[in-house]
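Participant: The lines below spell out each chain.
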Amino acid sequence: MKQIAIYGKGGIGKSSTASNVAAACADEGYSVTIIGCDPKSDSSITLLGGHRIPTVMELMQQRVEITEKDVVFEGYKGIKCVEVGGPEPGIGCAGRGIIVAIKMLQKISTVMQDCDLIIYDVPGDIVCGGFAAPIRKGLVNDTYVLTSGEYMPLYAANNICKGFARLGNQLNGVICNSRNAENEEAIVSAFARELGSELLAFIPKDPLVQTCERAGFSVIEKEPDSGIAKVYRKLARTIIERDSACDPKPLTDARLRELTG
Amino acid sequence: MSPAPKPLEPLIMHPRPSSIVAALYTLRDLDVDVVILHGPAGCSFKHARLLEEDGLRVVTTALDESGFVFGGHDELVNILNKVIEMFDPESIGIVGTCASMIIGEELHEAVLEVNPDVPVIEVEVHAGYRENTKGVIIALESALAAGILSEEEFERQKVLLNEATEVEKRHGAASKEYLEPSRGDTKYTVAKRIIQLLKEGKKCINILNAKKETGYMFADINAAVNQVAKDLGSDSVIVNMANLDENLGLDRVRAHARNIARDLKGMGVEVHEIIGGLDEYPVTGETVSKLIAEKYPGFDFAVITGVPHAIPMDNLEGMEVISVTNGPRQVLPLKEMGHDHVMVEIDLHPKTLGVSNIVESEFGATLRELAREEMQ
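So the protein lines, in turn, are chains W and A.
If you read the first sequence in this note's numbering, its first letter stands for residue 1, the second for the next number, and so on.
If you read the second sequence in this note's numbering, its first letter stands for residue 1, the second for the next number, and so on.
Just so you know, the hints here were simulated from the structure itself, not pulled from any lab data.
Quick reminder that beta carbons are idealized off the backbone N, C-alpha and C, glycines included.
Treat the hints with caution; some may be incorrect.
Quick list of in silico lysine to aspartate or glutamate cross-link-like pairs, EDC-like style, CA-CA up to 20 Å [to be verified]: (1) W:K162 to W:E213; (2) W:K162 to A:E141; (3) W:K107 to A:E141.
Label pairs and their in silico Cβ distance ranges [to be verified]: (4) W:C246 to A:V69: 55 to 61 Å; (5) W:G196 to A:R252: 51 to 57 Å; (6) A:A255 to W:D42: 56 to 62 Å; (7) A:P10 to W:D42: 34 to 40 Å; (8) A:L112 to W:R242: 25 to 31 Å; (9) A:E141 to W:A245: 31 to 37 Å; (10) W:D114 to A:D31: 48 to 54 Å; (11) W:D114 to A:N78: 39 to 45 Å; (12) W:G196 to A:D31: 44 to 50 Å; (13) A:N78 to W:T211: 50 to 56 Å; (14) W:K230 to A:A41: 34 to 40 Å; (15) W:I108 to A:D347: 54 to 60 Å.
To list a few chain A residues with every Cβ distance to chain W over 12 Å, as calculated [to be verified]: (16) G71; (17) R130; (18) L144; (19) F154; (20) K176; (21) G233; (22) G266; (23) V355.
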C-alpha cells in the first residue's frame with residue numbers, strides 16, 4: 001500500500017493534483033482513499049461531482065455517534081473520500097482537529113489500511129504539530145513537495161523540506177505545478193536536484209483544470225482525453241511505481257534567491 | 001444524510017477529577033518508579049506532590065510559552081536522559097497534559113531518540129475527557145503495550161472502570177448538572193445515634209466498600225463500630241463485610257488488602273464476608289444485596305464506608321442507613337438515595353498515601369471518645 005502526502009505552499013494546487021492523481025489511479029483499477037486534512041474540507045469535492053460531505057470534526061462537534069458510513073463517501077470510480085474538517089478561520093485549533101479526527105477514523109474505519117493508494121491532502125506549510133500528524137503517526141510513507149518556479153512557493157517548499165529533515169522524513173520527489181514563470185522547469189529541476197531529489201512531473205498551466213473544478217469535477221473525469229489529463233496520468237503512474245527517496249538537504253535562502261533571480 | 005444526534009448528557013458544571021491525575025495514580029498502582037509529566041510546571045501539582053508521599057517520583061518538563069510555540073521535544077529528551085541518570089529507574093512513565101497534547105507532541109519520538117533499556121509507558125492523555133476513568137484506561141493500554149500488564153488483568157480492569165463510571169453517573173459526582181459540596185451530618189450526632197443503637201442491641205451490617213488505599217482510613221470506622229460495641233457490652237449482632245480479597249487486582253492493591261485485613265485482625269475485628277477486591281468497589285453492590293437477602297435478613301441498621309453509593313438500596317430498605325464518604329459532593333446524592341445519615345471524612349485521601357497501616361479517622365475517633373464518656 002502506498003501512503004502519500006503532498007505538501008506545498010497554500011494555493012499552489014495540492015488539492016487539484018491530489019484529486020487528479022487519485023482519479024487517474026482509480027482509472028487504472030487501483031483502490032484509492034483520499035483524506036482531506038484542510039479545515040476548508042475541499043480536497044474531495046471534485047471527486048464527488050461538486051458535493052460536500054460531512055466532516056469528521058463537524059460530526060464530533062455535534063456529539064453524534066460516528067460510524068464509517070457517516071464520514072467515508074465513495075466518489076469517482078469508488079474512490080473513498082474523507083474530510084477531517086475543522087474550525088472557521090481565526091478560532092480554535094485546526095491542527096488538533098487533524099490529530100483527533102485521524103484517531104477517530106482509525107477507530108471506526110479501515111479506509112486507512114484497505115486500499116492500494118491513500119493520499120493525505122494536508123493544507124499549506126506544516127505550520128504546527130497537528131499538520132504533521134499523518135507523518136508523525138507513521139501513516140505516510142511517501143511524501144511529495146509541490147511548487148511552482150516562483151520564489152515564494154519555492155521558499156515554502158524548501159521550508160517544508162526543513163521540517164522533513166527535522167522529523168526524519170524522506171522526500172520522494174518534487175512536482176512542479178506551473179504558473180508560467182520564466183524558465184520554470186529548469187528552476188524547479190535545479191531546486192529538486194540540489195535538495196538531493198528530482199523533478200517528477202511538470203504540470204503545465206491549463207485553464208481546463210479550473211473549468212472542470214468549477215463544474216465540480218477532476219480533468220480525469222470531465223476531460224479524460226485532454227493533454228493535461230495525460231500529464232496527471234503519467235504522474236499517477238510515477239507515484240505508484242516510485243520507490244526511491246532521499247533525505248532532503250534544504251537550500252540556503254541566498255541560493256533560493258539566486259535560483260529564481 | 002446526517003446521523004441522528006445521540007441525546008446529550010447533561011453538562012456537569014462542578015469541577016471533577018482529572019484524567020491526567022487518574023493516569024498518574026494508575027502508574028503508581030503499576031509500581032512505576034518515575035513519571036515525567038510532559039507539560040507546564042504547575043499541571044496536576046497537588047496530586048503529583050501527594051503521589052511523591054506514596055513513593056512515586058514525579059518530574060515535569062516545565063513547558064513554557066516558547067515550549068507551546070516551538071514544541072517540547074528537546075525538553076522531553078533532556079528530562080528523560082536526566083531521569084535515567086539521576087534515579088536509575090526500573091520503569092518510567094511519560095504522561096501528557098492538555099498543553100502538550102493540543103500542540104501534537106509525540107511522546108514516542110523522544111523515547112525513540114533516548115532509547116532507554118527499561119520499559120517506558122507513554123500515556124497520551126489530557127484532561128478533556130468527560131470521564132476521568134478514560135485516563136486510567138489509556139494508562140493501562142500503554143502498560144499493556146509496554147508489557148508490564150497482562151491481557152487478562154487489563155480486561156478485568158476495563159470492566160471495573162466502566163462500572164465505576166456507571167456508578168458515578170447513577171448516584172455519584174456525575175449524576176447532576178451541579179452538586180453543592182457539603183460536609184454532611186455532624187459526626188457527634190451520628191456517633192451518639194450509633195451508640196444508642198448498639199445499646200439497644202440493634203443488629204448491624206457493617207460494610208467497608210473502599211477504593212484502594214482509601215481503605216486505610218475507612219476501615220478505621222468499621223473497626224471503631226466493633227470496638228465500641230464491645231466496650232459498651234452491647235448485645236448487638238454485627239456482621240462485617242469488606243472488599244478485602246487479597247488475591248485480586250494489581251500487586252500494590254493486593255498488598256493494601258493484606259495490610260488492612262492484618263490490622264483489623266489485630267484490632268479484634270473479624271471480617272465475616274469478603275465482598276471483593278479493593279479495586280472492585282463498583283461491582284460489590286450486588287454481592288452485598290444478595291448476602292443481606294439470603295443470609296442476613298431482618299437487620300436494623302447499616303454502616304457503609306468508602307463508596308456507599310455503589311451499594312443498591314433494594315435490600316437496605318427498612319434499615320437505618322449510616323454512610324461515610326470522602327466526597328463532599330457525594331452527600332446530596334446519598335441523601336437522595338435514602339441514606340439517613342451521611343458523613344464526610346474531609347481530606348481522607350491525602351492521609352492514606354504513603355501508609356501501610358490503618359490510620360485513625362475523625363468519625364472513628366469521635367465514636368470511641370463518646371463511648372468512653374458514656375461508660376464513665
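Participant: Sort out which numbered hints this structure fails and list those numbers smallest first.
Facilitator: 1, 2, 4, 10, 14, 15, 16, 17
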